[in-house]
Amino acid sequence: MPLLDVKKMTHYFGGLRAVHDYHLSIEPGQIRGLIGPNGAGKTTIFNLLTGIHKPTEGEILLDGNSLVGLFPHQIAALGLGRTFQNLCLWRHMTVLEHVMLARYARLDYGLVGAFFGTAKRQRQEAESEIVARKLLRMLGIEDLAEQNVLNLSYGNQRRVEMARALATEPKILFLDEPTAGMTPEELIQMMAIIRQVHAELGLAIFLIEHRLKMVMELCEQIQTLVFGEVIAEGTPEEIQNNPQVIEAYLGKETLH
Amino acid sequence: MANDMLSGTPPAGALRSSWRRLTAPVPLMGWLLGSLGAALLELAAGGAVAGLLGLDKIPLLFGFLIAFKQPLAIPGVLAYDILVYLLPVLLVGRLSAPPVNRLVAALYRLPLVVSVLVHLGLLYAALHLWSGVSDYRVLMLNLMLIAIMLTLSLNLINGYMGEFSCSHPGFMALGAYAASIFSLVLFVDDRIFGQALLPAAAGPWLFPVALVAGGAMAAVGALVIAIPSFRTRGDYLAIISLAFLFIVKSMIENLELVGGPRGLGGQPGYAGLTTVFIWCVLCIWIINNFVRSTLGKALNAVRDDELAAEAMTIDTRRTKMTAFMFGAFWAGIAGGLYAHVLQHVTPASFDLRMLAEMLAMVYFGGLNSVYGSIVGALSLSVLSEALRPLELIKWIFIPLLLILVMIFRPRGLIAFKEFNVRDIVKPKA
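Taken in order, these protein sequences are the chains called A and B. One point on numbering: in this note's numbering, the residue at position 203 of the first sequence is 203, and numbering is uninterrupted. If you want this note's numbering, it's the position in the second sequence, counting the first as 1, plus 1000.
Derived from the structure by calculation, the hints contain no laboratory data. No residue lacks a Cβ here, since even glycine has one placed at the ideal position from N, Cα and C. Treat the hints with care, as some may be off.
Label-pair distances were calculated between CB atoms; the ranges are [unchecked claim]:
#1 A/Ser-66 <-> B/Pro-1228: 45 to 55 Å
#2 A/Arg-123 <-> B/Leu-1086: 38 to 48 Å
#3 A/Phe-116 <-> B/Tyr-1236: 57 to 67 Å
#4 B/Ile-1247 <-> A/Glu-57: 36 to 46 Å
#5 A/Ala-126 <-> B/Leu-1307: 27 to 37 Å
#6 B/Gly-1121 <-> A/Ile-130: 33 to 43 Å
#7 A/Glu-127 <-> B/Glu-1418: 14 to 24 Å
#8 A/Gly-140 <-> B/Pro-1208: 46 to 56 Å
#9 B/Ala-1202 <-> A/Phe-116: 19 to 29 Å
#10 A/Arg-91 <-> B/Trp-1395: 33 to 43 Å
DSS-like cross-link-like pairs, simulated, lysine-lysine; straight-line CA separation at most 27 Å [said to hold, decoys possible]:
#11 A/Lys-120 <-> A/Lys-54
#12 B/Lys-1426 <-> A/Lys-120
#13 A/Lys-54 <-> A/Lys-171
#14 A/Lys-120 <-> B/Lys-1417
#15 A/Lys-171 <-> A/Lys-213
#16 A/Lys-252 <-> A/Lys-213
Here are a few chain B residues that face chain A, going by a calculated C-beta distance under 10 Å [as the list claims (entries may be wrong)]:
#17 Phe-1290
#18 Asp-1315
#19 Arg-1318
#20 Ser-1379
With these hints in hand, go ahead and build the complete structure from the sequences.
Structure (structure tokens):
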């Protein structure tokens, strides 16, 4: 059974059909990519799957449980972690606080613990800090733990986002253009990080990318989305040679 | 330092660094001992010093009160403040620093609660002695401590959570009336509520219950606001909460059962300085615990980026509702204390002016900061008292101050600073 199974998902924004008849199935540990020109509806698909929008039609199953109609925080707690295209960091918090906060659903000391600082709270917060620091070490930003996120370089901010998403203990990690705005060196580092995360944690990864090089190297299976519809699906080679994909990206060749 | 002054004005930097050298080795306990010394000195010789300086009585609030009434007395008052407060505090603090540091270090090795209790005990002793001089000071201190509770609980909503709530005086009124009714029905032979149901001797013991009932009442009020306004993000809360404030006020004004616009009086005087002090400390402790926990930090996440907070498993709606009700609860407690301190409440006092004062305390002191709330509440309470002789013109000064703060320090004096008790009671050097 696939880990994530999406069937016939369609979504309208008012009269605008943003996503049409979308299918997706991700096996545990698989890396899949979603590419497509600007405005194709890639981020909308992420938002539908993570519960920010509710799909007009269709079903989304994670481990056999339907996600349609759940709140985003419930979906996240069930194991669907994500990063954002335009960094969504909390601007008054340190790196460590970011990662620890993402452990929210794993804490159960409740309001009593929060109000009175019980031993249970101390223990859980300490455990949470250990997990957070481990993730920061894995992403190579442990020495920045006490820094405010705004003081970090763009590349490091991306890493914080990744660490934060990993702290929710996802089964599938959704990465929304993780290399947007990065320099070529940062891009190479990010690819190494994604590979490392995949290897060490054995997560499934679902990746939206603009840079084809990255998707082609990382993903086993790629979907191409144009105007909310999947026009091609297959291995990187198949996608690269698909005339429809080439047309979507480069336009049609016209003979005069 | 006196020599520096005589030999021409030194650069501000040099003055500041010598001040720092002077005060750096003094731990908090040193300052508390100094304050205790100053309070004792005032008790023993305050009247005599005031007489020598040509003042007709001890300046009740460091002379802030007479500054506007009798400008000629200002030099005398300044001299009094220096002789009775500043010098003893500095002398005792500085001279006792080495042994006190050793004592503080010894306490610091014990569980934190010991250090904290010792410090609080000293603080209370100093306040108790200082306020023993006149009833006015007791009242003033009580109101200041209540102001701290109100400011802190409002900061939770407006600062930590980043929503704009205007209903705090309404919550306070709910707490004040609920607690008053509890006390009056049970323990007082009253014109409105009839014979007391329980012996009056049990009253002080059940006072916490009265306060918590007031807090719970305010929290229920908060729930009523929270359900419609936290469905979506935006300015709804500001508008709905403002409406709520007016609804509460006019509801009380029209309820003859609780005295209508004349208000409700005759509350027993359960809220002495000790009680108010303990509740204020509790409030600071619990709120500070909350905002430093992951559950409390979730508020900051909701404020800074709600979408990201949801994606990171934070139940944003529940978080907002909880914090809003929690803030209202403490406003209710503060209201209950307020009613029992003044022993009379009228609905007219919970008005926009009170809201303006609370907002000024929060924004002046600093958003997202327990320190800021304490400093804001204390400084604006004193300022407000000092400006009282100006009557209505006072209401030009306080908003003006707020505007200046917004221009020069948009986030307030001490914003975004963690209140870490362990650091405060640490020995110096």
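Comparing the hints with the structure gives:
1. Distance hint check: the CB atoms of A/Ser-66 and B/Pro-1228 are about 29 Å apart, inconsistent with the given range 45 to 55 Å.
2. Take A/Arg-123 and B/Leu-1086: their Cβ atoms lie about 46 Å apart, and the range 38 to 48 Å holds.
3. Taking 57 to 67 Å as the suggested C-beta distance range, the pair A/Phe-116 and B/Tyr-1236 does not conform, at roughly 32 Å.
4. The hinted range of 36 to 46 Å is satisfied by B/Ile-1247 and A/Glu-57, whose Cβ atoms lie roughly 43 Å apart.
5. Taking 27 to 37 Å as the suggested C-beta distance range, the pair A/Ala-126 and B/Leu-1307 conforms, at roughly 29 Å.
6. At roughly 37 Å, the beta carbons of B/Gly-1121 and A/Ile-130 sit within the given window of 33 to 43 Å.
7. Between A/Glu-127 and B/Glu-1418 the beta carbons are some 21 Å apart, a value that agrees with the proposed interval 14 to 24 Å.
8. Hint check: A/Gly-140 to B/Pro-1208, Cβ distance near 52 Å, so the stated range 46 to 56 Å holds.
9. About 27 Å separates the C-beta atoms of B/Ala-1202 and A/Phe-116, a value consistent with the hinted range of 19 to 29 Å.
10. Taken as a hint, the range 33 to 43 Å holds for the pair A/Arg-91 and B/Trp-1395, whose Cβ atoms sit roughly 35 Å apart.
11. Restraint check: the Cα-Cα separation between A/Lys-120 and A/Lys-54 comes to about 37 Å, which exceeds 27 Å; the hinted pair is violated.
12. Under the criterion of a C-alpha separation no larger than 27 Å, the hint pairing B/Lys-1426 with A/Lys-120 is consistent with the structure, at around 25 Å.
13. About 21 Å separates the Cα atoms of A/Lys-54 and A/Lys-171, which keeps this hinted pair within 27 Å; it holds.
14. About 26 Å separates the Cα atoms of A/Lys-120 and B/Lys-1417, which keeps this hinted pair within 27 Å; it holds.
15. A hinted pair counts as satisfied when its Cα atoms are at most 27 Å apart, and A/Lys-171 with A/Lys-213 qualifies at roughly 25 Å.
16. Between A/Lys-252 and A/Lys-213, the direct Cα distance comes to roughly 22 Å. Compliance with the 27 Å bound is thereby established for this hinted pair.
17. Hint status for B/Phe-1290: holds, given a least beta-carbon distance of 5 Å to chain A, under 10 Å.
18. Of the supplied interface hints, the one on B/Asp-1315 holds, with its beta-carbon coming within about 5 Å of a beta-carbon of chain A, less than 10 Å.
19. The interface hint given for B/Arg-1318 is met, as the beta carbon of that residue sits about 9 Å from the closest beta carbon of chain A, less than 10 Å.
20. Below 10 Å, beta-carbon pairs count as interface contacts, and B/Ser-1379 has none with chain A, the closest being about 24 Å; its hint is therefore violated.
In this structure, the earlier hints numbered 1, 3, 11, 20 are contradicted, and the remaining ones agree with it.
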